[in-house]
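S.K.: Letter 3 of the sequence shown, counting from 1, is numbered 3 in my numbering, and no numbers are missing.
Check each hint, because a few of them may be wrong.
Derived Cβ-Cβ restraints for the label pairs, each shown as a range [to be verified]:
| id | residue 1 | residue 2 | range |
| --- | --- | --- | --- |
| 1 | Val31 | Ile4 | 27 to 37 Å |
| 2 | Ile44 | Asn18 | 30 to 40 Å |
| 3 | Arg10 | Glu33 | 26 to 36 Å |
| 4 | Arg19 | Asn42 | 12 to 22 Å |
| 5 | Leu17 | Gly45 | 10 to 20 Å |
| 6 | Met1 | Asn38 | 15 to 25 Å |
| 7 | Asn32 | Gly12 | 25 to 35 Å |
| 8 | Glu34 | Arg10 | 30 to 40 Å |
| 9 | Glu34 | Gly12 | 28 to 38 Å |
| 10 | Arg10 | Glu46 | 25 to 35 Å |
| 11 | Leu24 | Asp2 | 13 to 23 Å |
| 12 | Gly12 | Glu33 | 27 to 37 Å |
| 13 | Ile4 | Leu35 | 14 to 24 Å |
| 14 | Leu43 | Met11 | 10 to 20 Å |
Read the hints as simulated data drawn from the structure, not as lab findings. Glycine included, C-beta positions come from ideal geometry on N, C-alpha and C.
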Amino acid sequence: MDEIQEIIDRMGPEAALNRLGVVLRGLFSQVNEELRLNFVVNLIGEAGADKVASLVHL
1 MDEIQEIIDR MGPEAALNRL GVVLRGLFSQ VNEELRLNFV VNLIGEAGAD KVASLVHL
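Please put together the full structure from these sequences, using the hints given.
M.R.: Laid out in structure tokens, this is it:
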């Protein structure tokens, strides 16, 4: 895991987010909806859980 952080640290913020988005799209296609939702809720915090849940069916 430290290797991933080191790579991200060498990138600019915009490039890092773009690359992480590509990687996450690939991972999300391999997991179920519940795991995707849990990841996003953990990312933005519990306060955003209701907003995230409403986006699941978009």
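S.K.: Which hints from the list above does the structure break, by number from lowest to highest?
M.R.: 1 and 2
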